[in-house]
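Q: In case you want the letters, here they are:
Number of protein chains: 2
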Amino acid sequence: MKLLEQRIIKDGIVAPGDVLKVNSFLNHCIDVRFICELGKEFYSLYSDCDVNKILTIETSGVAVSCLAAQFFDVPVVFAKKSKTSNISDDVWSATAHSYTHGNDYNAVVAKEFLGKDDRVLIIDDFLAKGEALEALLSICESAGAAVVGCGIVIEKKYQGGGDKLRQRGIRVESLAMIKSMSEDGKIEFCH
Amino acid sequence: MKLLEQRIIKDGIVAPGDVLKVNSFLNHCIDVRFICELGKEFYSLYSDCDVNKILTIETSGVAVSCLAAQFFDVPVVFAKKSKTSNISDDVWSATAHSYTHGNDYNAVVAKEFLGKDDRVLIIDDFLAKGEALEALLSICESAGAAVVGCGIVIEKKYQGGGDKLRQRGIRVESLAMIKSMSEDGKIEFCH
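Just so you know, the sequences run in chain order A and P.
At position 52 of the first sequence the residue is numbered 1271 (the numbering used here), and the sequence of numbers has no breaks.
At position 45 of the second sequence the residue is numbered 1264 (the numbering used here), and the sequence of numbers has no breaks.
Check each hint, because a few of them may be wrong.
No distinction is drawn between identical chains; accordingly, a pair holds when it is met within one copy or between any pair of copies.
Calculated pairs, BS3-like style, for lysine-lysine (alpha carbon to alpha carbon, straight line, at most 27 Å) [said to hold, decoys possible]:
id, residue 1, residue 2
1, Lys1348, Lys1299
2, Lys1240, Lys1398
3, Lys1240, Lys1302
4, Lys1302, Lys1348
5, Lys1240, Lys1259
6, Lys1335, Lys1240
7, Lys1259, Lys1398
8, Lys1348, Lys1405
9, Lys1240, Lys1330
10, Lys1376, Lys1300
11, Lys1405, Lys1330
12, Lys1405, Lys1383
13, Lys1300, Lys1240
14, Lys1300, Lys1348
15, Lys1330, Lys1229
16, Lys1335, Lys1376
17, Lys1229, Lys1335
18, Lys1376, Lys1398
19, Lys1240, Lys1299
20, Lys1221, Lys1302
The hints are simulated quantities; they were obtained by calculation from the structure and are not laboratory data.
Extracted from the complex, chain A is given alone in its bound form (with noise of 0.2 Å):
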């Protein structure tokens, strides 16, 4: 999506440790009118695919997650990342490790929110090594939910997750893939 290329370019920041940050308009000051635009994207990949839910992780999920529902017209169901091993029985559960944070968690979702009745869009904002994407995927599997795909906003594709969901078949859509980038601050994306 030339739109998101181009803000990427403009706004985001190289930072150490391969961090790409966007807090301009997506994880921290939210650009609401242009993540709207990104939903509306979502929508016109996905519309035909029945999506009666969206998923997503907290907390940057969140917001486009909420923007992209309007245009499906469909309720968010977020994922809560607990760190206590004391799981319940009335929540679905996965663990992931979080790169960013450097520990491993629970992403939980309450089991009267997702069953087996639901075709779910996941939707996040960023796809590195995919380890939240797995935990929500496992989640939908657990509780015998479909999953149509993955929406994602940014992946770092050289990372390798996305690939590793596509060869296991699952459609994952992401709004701008990066292909490479560099301390310097020069960010290329594959086409």
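We have chain A; now place chain P onto it with these hints.
A: Showing chain P alone in chain A's frame:
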């Protein structure tokens, strides 16, 4: 707001420890179409206040803020909750206590996203003792930003946080105000 009171009566669950759970439409599963109506209501309350930014705090405040922001056509900045006491120079921060989690945290906003030219509407899902709101107000004060008021989805009026702020001359508008609730599930509203 009648629509919200009806929804709380229908779907809210009074849980032990004076907790009102509205997970089915606000805090875990987000009924996007419904929350949009709340956003529209915030707009009708504050449309003539020249709001140019909405400030909230992660996580649940993000959804309602983004959906409300569309009517104002302004960006949303969400304060991050940080447990670390190492606060860098480039952020505004304030300490708050979470009664839900029984701990203290720092609410943190990058300086670049809040400053003296801003006219801020603070939005949050719940107001009880007002800890989170006090932290956000303190951040705005540090930043030199003008606060036009606060928009709250559900205020537990009997906990006094809202009235304490009103006594200081801060405009606080709550879409539902709870007068009392009991563990047998009975909820009474202020009118």
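Q: All the hints need checking, so say for each whether the structure fits it.
A: Hint by hint, here is what the structure shows:
1. For the homomeric pair lysine 1348 and lysine 1299, the shortest alpha-carbon distances inside one copy (20 Å) and between copies (24 Å) are both at most 27 Å.
2. With identical chains, the CA atoms of lysine 1240 and lysine 1398 are at most 27 Å apart within one copy only, with a shortest distance of 16 Å there and 44 Å across copies.
3. For a Cα distance limit of 27 Å, the shortest separation of lysine 1240 from lysine 1302 qualifies both inside one copy, at 25 Å, and across copies, at 21 Å.
4. For the identical chains of this complex, lysine 1302 and lysine 1348 are neighbours both inside a copy (20 Å) and across copies (26 Å), given an alpha-carbon limit of 27 Å.
5. Taking CA atoms no more than 27 Å apart as the test, lysine 1240 paired with lysine 1259 passes inside one copy only; the shortest distance there is 23 Å, against 31 Å between copies.
6. For the homomeric pair lysine 1335 and lysine 1240, the shortest alpha-carbon distance between copies (24 Å) is at most 27 Å, but the shortest distance inside one copy (37 Å) is not.
7. Taking the closest pair of Cα atoms, lysine 1259 and lysine 1398 come within 27 Å of each other only inside a single copy of the chain (24 Å); across copies the shortest separation is 41 Å, beyond that limit.
8. For the identical chains of this complex, lysine 1348 and lysine 1405 are intra-copy neighbours only, at 21 Å inside a copy versus 47 Å across copies, given an alpha-carbon limit of 27 Å.
9. Taking the shortest Cα distances, lysine 1240 and lysine 1330 sit within 27 Å of each other only across copies (15 Å), while inside one copy they are farther apart (34 Å).
10. In this homomeric assembly, lysine 1376 and lysine 1300 come within 27 Å of each other (Cα to Cα) only inside a single copy, at 25 Å, whereas the closest approach across copies is 30 Å.
11. Proximity of lysine 1405 to lysine 1330 under the C-alpha cut-off of 27 Å is restricted to the inter-copy arrangement: shortest distance 25 Å between copies versus 44 Å within a copy.
12. Only within a single protomer do lysine 1405 and lysine 1383 lie at most 27 Å apart by alpha-carbon distance; the minimum there is 26 Å, versus 51 Å between protomers.
13. For a Cα distance limit of 27 Å, the shortest separation of lysine 1300 from lysine 1240 qualifies both inside one copy, at 21 Å, and across copies, at 18 Å.
14. In this homomeric assembly, lysine 1300 and lysine 1348 come within 27 Å of each other (Cα to Cα) both inside a single copy, at 18 Å, and across copies, at 25 Å.
15. Taking the shortest Cα distances, lysine 1330 and lysine 1229 sit within 27 Å of each other only across copies (19 Å), while inside one copy they are farther apart (42 Å).
16. Neither within a single protomer nor between protomers do lysine 1335 and lysine 1376 lie at most 27 Å apart by alpha-carbon distance, with minima of 31 Å and 40 Å respectively.
17. For the identical chains of this complex, lysine 1229 and lysine 1335 are inter-copy neighbours only, at 24 Å across copies versus 43 Å inside a copy, given an alpha-carbon limit of 27 Å.
18. Proximity of lysine 1376 to lysine 1398 under the C-alpha cut-off of 27 Å is restricted to the intra-copy arrangement: shortest distance 6 Å within a copy versus 53 Å between copies.
19. In this assembly of identical chains, lysine 1240 and lysine 1299 lie within 27 Å of each other by CA distance both inside one copy and across copies; the values are 23 Å within and 15 Å between.
20. Within a single copy, lysine 1221 and lysine 1302 get their C-alpha atoms no closer than 38 Å, and across copies no closer than 38 Å, so neither meets the 27 Å cut-off.
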